[in-house]
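Residue numbers (our numbering): 10 to 531.
No lab work stands behind these hints: they were computed from the structure.
Any given hint might turn out to be false.
Said to hold, decoys possible - Calculated lysine to aspartate or glutamate pairs in the EDC-like style (CA-CA distance at most 16 Å, straight line):
1) K140 <-> D118
2) K406 <-> E355
3) K306 <-> D337
4) K472 <-> E434
5) K419 <-> E371
6) K420 <-> E359
7) K341 <-> E359
8) K406 <-> E359
9) K406 <-> E353
10) K140 <-> E153
11) K50 <-> D38
12) K341 <-> E409
13) K341 <-> D410
14) K491 <-> E517
15) K491 <-> E514
16) K406 <-> E371
17) K341 <-> D408
18) K308 <-> D284
19) K140 <-> D170
20) K392 <-> E371
21) K420 <-> E355
This structure is a prediction, so every number in the text was calculated from the model and none was measured.
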Amino acid sequence: MQREIPLTTGGAPLRLSLGLRTAAARRPDRPALISGSTVFKYGDIVRRMNRIANAAASLWGLRAGDIVALIAPNRPEYVEIVEGLSDLGVIVATLNPRLSPDELSGILDDCAPKLAFVDPSLEALADAVRKFGVRIVPIAADYENALERASDAFNLPPIDDASSFSLCYTSGTTGTPKGVLLSHRSRALTFLAMALEYQCFGAADRFLALTPLCHGAGFAFTGAAMSFGGSCVLFNSADPESIADRLTEGDITGVFMVPTHFSRLFSAPAAVTSDLRTSCRLRAIISNAAALGQPLKEKAVEAFGDGLLHETYGSTEAGIVTNIRPADILRKAGSVGPAFVHTEIEIRSEDGSPAPPGAIGELFSRAPYTFNGYLNQPEETAKAVRDGWVSVQDLAKADEDGFITICGRKKDMIVSGGVNIYPVEIENVIGRQPGVSEVAVVGLPDEEWGERLHAFVVPKNGKAPSAVDIVSACRRELSDYKTPRGVTLVGELPRNASGKLLKRELREMAATLVAAAPRRVS
């Protein structure tokens, strides 16, 4: 008779900080975080994490479940505040330092923080915090004094790894930002999957962090770099020449870049990128936050070499959903790849049924990386999560091999003459034309057709393409109803701090531009 083996439960919870803590236990003297000439070793960071947790409890009276605000540009203290307070069960709202005081006030009203850590340079935002009666700890002498008074001995309290450690506010591209709650478990598993997928987060790796830590992806790539004993370099310049110079120093093995980085890099003089292929020692380049057009992908492969570029698709709510690996980046043009590790994807038609290969539908995903819901917004949470499946209302299609192509957001779909039009199809055609650096297509109200198309084009290296040539190219390659009725040349497209395109602003701009002459190419 077969002996029955009893099932057991238990084990340590998937705490956010444990990767960093175990890396410190192995190599406490190894550089963990580098910012300019300042180097924080793993042992130093863990001691400071312990002190911030003790100070939070003893000096500021914070308890598990409390929310604190963190308002600062990228700086070394960012990691210790988020990870140290997470060990106490405190939820850190990582707020964009580029918010206006009015925008910040709306968020503070929503999350009601007990305390705010604020960079001293952000005096206008500090004033907005004071108006709410929230205690401020400047990340300066006051902060360091508090750490010096606190003990660096800290016993990790019990924690439910499904509990939230972070509160990220959506970019507000569609309206009022929503607070996205992220759990210890979701981020710890995300870090493990990232290490497997990208192969640039090992103990011998050095990762270059270019993007804001207040954004979910920015913090995730920084956190992953320090969860396995590698080093992370905080780099606060967006200047393409500075970025190229840093990469060609030869010690960086991984970098996360948004499409704006690529666009600026390849719009710079050729000398800026001439040494990238020969001098870089990269193992992975990861793009995320917004769609990376196929022309930019091709330029990146040409500049850096084969076998490096990944494009990842995801959202703060769903986590990483897909990744296209270097071997497929040119073979599967326009795709963001198949499902990410441990992720299920469904493309659903309007009636909720699975869409066949090649058909456009709403993308749903299910994975252990998803969010805990929106703060104070159960109705919005119910819209985004259906039976465990998450949707942020992106439209997509899958080919026979399961490779996903994003076709735009549901709200950005244009209906002209009763026909659905997906801007990305038109943007791909325009983006291939000579002299085009970036492009975005929006819909404008039209009495006859319901909506009409208007394109915004960023010229490449100041060489403005002809609006007539752009329209002609669309007529050659697309149906007439997919041809823009207007083209506007702009210096840059409006984006938020995380690199996401703000089409709402473009629609407002286009409506103003064409009000006097709605049918003319501008």
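Hints and how they fare:
no.: 1; hint: K140 <-> D118; result: holds, 11 Å
no.: 2; hint: K406 <-> E355; result: holds, 10 Å
no.: 3; hint: K306 <-> D337; result: holds, 11 Å
no.: 4; hint: K472 <-> E434; result: violated, 24 Å
no.: 5; hint: K419 <-> E371; result: holds, 8 Å
no.: 6; hint: K420 <-> E359; result: holds, 14 Å
no.: 7; hint: K341 <-> E359; result: violated, 26 Å
no.: 8; hint: K406 <-> E359; result: holds, 13 Å
no.: 9; hint: K406 <-> E353; result: holds, 14 Å
no.: 10; hint: K140 <-> E153; result: violated, 25 Å
no.: 11; hint: K50 <-> D38; result: holds, 5 Å
no.: 12; hint: K341 <-> E409; result: holds, 12 Å
no.: 13; hint: K341 <-> D410; result: holds, 10 Å
no.: 14; hint: K491 <-> E517; result: violated, 21 Å
no.: 15; hint: K491 <-> E514; result: violated, 21 Å
no.: 16; hint: K406 <-> E371; result: holds, 8 Å
no.: 17; hint: K341 <-> D408; result: holds, 10 Å
no.: 18; hint: K308 <-> D284; result: holds, 14 Å
no.: 19; hint: K140 <-> D170; result: violated, 34 Å
no.: 20; hint: K392 <-> E371; result: holds, 13 Å
no.: 21; hint: K420 <-> E355; result: violated, 19 Å
Figure legend: structure checked against the earlier numbered hints; hints not met, in rising order: 4, 7, 10, 14, 15, 19, 21.
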